[in-house]
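K.L.:
Sequence:
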Amino acid sequence: MIRNILIAVLMVFLANTSNAQDTIQLHKDDATYVLYGIIIDGDTLLLSSIDEVYIFPQKKFKSRRDLRRYRRLVRNVKKAYPYAKLAKKKLIEIETNLAKLETEKARKAYVKQAEKEIREEYEDELKKLTITQGRILIKLIDRETGETSYELLKQLRGSFSAFFWQALARLFGSNLKTEFDAQGEDKLINEIVILIENGQL
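For any residue, its number in this note's numbering is found by taking its place in the sequence shown, counting from 1, and adding 136.
Hints in this document: simulated from the structure, not taken from any laboratory. Quick caveat: nothing in here was measured; it's all calculated off a predicted structure. Certain hints may be false.
[Stated by the list, open to error] Within a straight-line C-alpha distance of at most 30 Å, the following computed DSS-like cross-link-like pairs (lysine-lysine) qualify:
(1) Lys236 to Lys313
(2) Lys313 to Lys252
(3) Lys264 to Lys226
(4) Lys221 to Lys263
(5) Lys323 to Lys226
(6) Lys290 to Lys248
(7) Lys290 to Lys264
(8) Lys214 to Lys290
(9) Lys313 to Lys214
(10) Lys313 to Lys323
(11) Lys264 to Lys225
(12) Lys313 to Lys248
(13) Lys226 to Lys248
(14) Lys214 to Lys225
(15) Lys214 to Lys252
(16) Lys252 to Lys263
(17) Lys225 to Lys263
(18) Lys248 to Lys224
(19) Lys244 to Lys263
(20) Lys323 to Lys198
(21) Lys264 to Lys215
(22) Lys323 to Lys196
(23) Lys198 to Lys214
(24) Lys221 to Lys323
(25) Lys323 to Lys290
(26) Lys215 to Lys248
(27) Lys224 to Lys313
(28) Lys226 to Lys313
(29) Lys252 to Lys236
(30) Lys221 to Lys244
(31) Lys225 to Lys313
(32) Lys221 to Lys252
(33) Lys215 to Lys313
(34) Lys241 to Lys224
(35) Lys244 to Lys264
(36) Lys252 to Lys241
(37) Lys214 to Lys226
(38) Lys264 to Lys313
(39) Lys225 to Lys248
All chains should be built: construct the whole structure from the sequences, respecting the hints.
P.N.:
Put into structure tokens, the structure is as follows:
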């Protein structure tokens with residue numbers, strides 16, 4: 137990030153201000169980078185957008201136990217989050233393909249085939265998740281897709297299937313209807329996800 141800012145600043149100083157141009161060329165390591173600029177009163181200024189940066193207050197822990205609990209949460213979120221992202225990607229793929237199918241029979245066959253492929257590829261990995269990681273994953277799926285796991289199952293497999301898997305999840309102390317509460321009980325998980333997305337964790 138700092139490197140990009142330094143390059144941008146260098147671009148402003150190295151730009152040829154004598155020509156009225158709207159692009160700036162930087163030659164570095166045998167590569168040419170074209171950036172956009174604007175000329176104001178003879179000065180060429182770089183036009184660029186930068187990614188949002190989230191800054192959270194530094195965590196203060198009352199005890200070593202709280203610190204260990206936080207580190208465990210970070211580890212669990214890091215384990216579950218890639219699967220939530222994958223769920224979002226697969227859902228978009230499935231919905232796109234379902235929209236192309238004309239009959240209900242073809243849709244059901246496609247969903248069944250997609251489920252089989254997902255099971256074959258990811259079932260063994262998902263079985264290795266702990267119960268806590270599974271609960272976090274249920275919440276993160278809602279965060280990523282905007283729908284609970286129960287709603288997704290109901291849409292793709294029908295009410296009976298959703299009811300069956302919900303009953304099974306309840307036996308293990310989980311709830312497929314759990315929603316992600318970014319401002320409430322899941323605020324810390326949300327912060328951890330943002331830090332992971334920004335490469336800060």
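K.L.:
Confirm or reject each hint.
P.N.:
So, going through the hints one by one against the coordinates:
1. Lys236 to Lys313: Holds - the C-alpha atoms of Lys313 and Lys236 are around 29 Å apart, at most 30 Å.
2. Lys313 to Lys252: holds, 23 Å
3. Lys264 to Lys226: holds, 20 Å
4. Lys221 to Lys263: Holds, at about 18 Å.
5. Lys323 to Lys226: Holds, at roughly 26 Å.
6. Lys290 to Lys248: holds, 14 Å
7. Lys290 to Lys264: holds, 25 Å
8. Lys214 to Lys290: holds, 27 Å
9. Lys313 to Lys214: OK: Lys313 and Lys214 at ~22 Å, within 30 Å.
10. Lys313 to Lys323: Holds, at about 18 Å.
11. Lys264 to Lys225: holds, 21 Å
12. Lys313 to Lys248: Holds, because 22 Å separates the two Cα atoms, which is no more than 30 Å.
13. Lys226 to Lys248: holds, 14 Å
14. Lys214 to Lys225: holds, 18 Å
15. Lys214 to Lys252: holds, 26 Å
16. Lys252 to Lys263: holds, 16 Å
17. Lys225 to Lys263: holds, 20 Å
18. Lys248 to Lys224: Since the Cα atoms of Lys248 and Lys224 sit roughly 18 Å apart, the hinted pair holds (cutoff 30 Å).
19. Lys244 to Lys263: OK: Lys244 and Lys263 at ~26 Å, within 30 Å.
20. Lys323 to Lys198: Given pair Lys323, Lys198 holds - Cα atoms ~19 Å apart, limit 30 Å.
21. Lys264 to Lys215: With Cα atoms ~10 Å apart, Lys264 and Lys215 stay inside 30 Å; holds.
22. Lys323 to Lys196: Status holds; Cα separation ~16 Å.
23. Lys198 to Lys214: Answer holds: Lys198 to Lys214 is near 24 Å, not above 30 Å.
24. Lys221 to Lys323: holds, 18 Å
25. Lys323 to Lys290: holds, 27 Å
26. Lys215 to Lys248: holds, 27 Å
27. Lys224 to Lys313: Within the cut-off at roughly 17 Å; holds.
28. Lys226 to Lys313: holds, 20 Å
29. Lys252 to Lys236: Between Lys252 and Lys236 the Cα gap is close to 20 Å, so the pair holds against 30 Å.
30. Lys221 to Lys244: holds, 24 Å
31. Lys225 to Lys313: holds, 20 Å
32. Lys221 to Lys252: Cα-Cα ~19 Å, so holds.
33. Lys215 to Lys313: holds, 21 Å
34. Lys241 to Lys224: Distance ~24 Å between Lys241 and Lys224 Cα, so the pair holds.
35. Lys244 to Lys264: Holds. Lys244 to Lys264 sits at ~29 Å (cutoff 30 Å).
36. Lys252 to Lys241: holds, 17 Å
37. Lys214 to Lys226: Judged against 30 Å, a Cα distance of about 19 Å means the pair holds.
38. Lys264 to Lys313: At roughly 22 Å apart (the allowed maximum being 30 Å), Lys313 and Lys264 satisfy the hint.
39. Lys225 to Lys248: holds, 17 Å
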